[in-house]
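Enquirer: Here are the chains, one letter per residue:
2 protein chains.
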Amino acid sequence: MKTMKISDFKNLFDKKSHSFFESLDLSNLLKTSLEYSFFSGGKRLRPWIIYNIGRYYDIDEEKLLKIGFATEIIHTASLIHDDLPAIDNSNYRRGNMSNHKKFSEWRAILTGDLGFILPFKIFAEFDDNESRYLNAFFSETILNLIEGETLDVAFEKNIIKPTKSDIENMYRKKTSALFEFSFACSPLLLNKKEEFNSLKKAGKNFGIAFQIYDDLKDIYGNFEDVGKDLNRDENKFTFLKILSPEKAKIYANNLFSETISILLSLKFIDFIEELQKIKSLIERK
Amino acid sequence: MKTMKISDFKNLFDKKSHSFFESLDLSNLLKTSLEYSFFSGGKRLRPWIIYNIGRYYDIDEEKLLKIGFATEIIHTASLIHDDLPAIDNSNYRRGNMSNHKKFSEWRAILTGDLGFILPFKIFAEFDDNESRYLNAFFSETILNLIEGETLDVAFEKNIIKPTKSDIENMYRKKTSALFEFSFACSPLLLNKKEEFNSLKKAGKNFGIAFQIYDDLKDIYGNFEDVGKDLNRDENKFTFLKILSPEKAKIYANNLFSETISILLSLKFIDFIEELQKIKSLIERK
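Chains A and B are the protein sequences, given in the same order.
The opening residue of the first sequence carries number 1 in UniProt numbering; numbering runs sequentially from there.
The opening residue of the second sequence carries number 1 in UniProt numbering; numbering runs sequentially from there.
No lab work stands behind these hints: they were computed from the structure.
One should not assume that every hint holds.
Identical chains blur together in the list; that is why a pair holds if it fits in one copy or across any two.
[To be verified] Taking lysine-lysine pairs in the BS3-like style, the calculated list, with each CA pair at most 25 Å apart, reads: (1) Lys101 / Lys157; (2) Lys161 / Lys16; (3) Lys101 / Lys161; (4) Lys101 / Lys267; (5) Lys10 / Lys217; (6) Lys63 / Lys121; (7) Lys43 / Lys5; (8) Lys247 / Lys217; (9) Lys31 / Lys164; (10) Lys241 / Lys200; (11) Lys31 / Lys161; (12) Lys236 / Lys31; (13) Lys236 / Lys164; (14) Lys279 / Lys200.
Build the full structure now, drawing on both the sequences and the hints.
Expert: Here you go:
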């Protein structure tokens, strides 16, 4: 099984996403603003993971693309809400104006709401048992994501004074949850419990590592590379408040290695190769 | 089958809702604010409809209460977002401080997000086919609700200049959608298509009538009765911008009568009696 390069996958996925959007019968006002944020430059890392792991399990490609689409929509929705003035107050996202800057705040709020619901409409198109499995795991995932975002803001506003393990818990919820879903949704569909648990763990480790690489980028990057206001994260509680950049990087690399071990035990060799390229890409950028 | 009075039902439902909340394993920060809005004085009209119509179909009461709970949660979530400064900017709701006034804006946004997801976690506890039916109908319902809210704000901000039929379309989406779901979810679970369609229509008519009664109350009520800032709706596009209060009331009464006819054809006699009492209550208050 040849794992698709992420750049090739992005072309395929974005093309497919346009046709998914067409089939959704959305009102124009929200469709425009959701599509704006959706197509504004994401790497499609989560859908790429879903698609390529799912192919090892021989799951229908159309289904994998649909699950990836649902995941990317909710990721988009949560970023739209995170950027709002009352939360992160970000004017830019991936080098473009954030949704509320472009379309005004009321539309950004309602566009996010729409994005939180759409995946469930998409999952209702699956078979009965697949649909229930997806809904159960996905709703659990998104509740974690929202809780992680809540902790993040609560740390920043000094409502909670976090320990290292609180920060790790926040990362796990805010960033890892959706990666856990992306790594593990294929064995879930086939009710392969052991592989589900292994891949969930791979997703968790990958997510935390990914978040740390992202934090490091915010320190060393420049606007062109990062595409958002830098040092906005000054008041954010990241590992970098507790560990030196060097130690944080070692910590992240260890977590990444654990992900690789799990993938190796499943013999996802081709996938590992591409994932390692993506890791270098994330670190460099 | 004896239809439960709405006041008795509210006691039962609120008690049950506390135990549902306990079982949901939510983070404290969002749980507190969601419960604040959830238990801040709703009539429980939608869960009452679900419960009492569902009993005609012999659906398990625990299931009906769960569906009612899910519906009331999303209703609460949508009101929390509607009240935000960027949308309706309401300081009060049902005589209490609105969520963002009490807990700050960032928590209100994330609490609403949580409320948009929770119902799907609840529906994942149903049987495979029930779960998929509920998810499909419910996600469609909430997409309509969000679109209705979008139209409402777009009219108010003069982005769209609405005709009477645009306003009716907005009412149908913003208010009727959840009533359609409440009236029709029981035959949906049993896959009784004809009764599903009839009850959906009953819910649609009831919802529009209900919204008009509510508009009339905003004109004639006082703060104690209505529990929110009056005349906030000045810039809102309601039927009262197009019809005199007398004509609007006749229009609403006709829609209500159509609802009754449908219920009569299904021989829901006892339910009709209680619904008529509720109608008088809504009009008086």
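Enquirer: Mind listing which of the numbered hints don't hold for this structure, in increasing order?
Expert: The structure conflicts with hints 2, 4 and 10, although it agrees with all the remaining ones.
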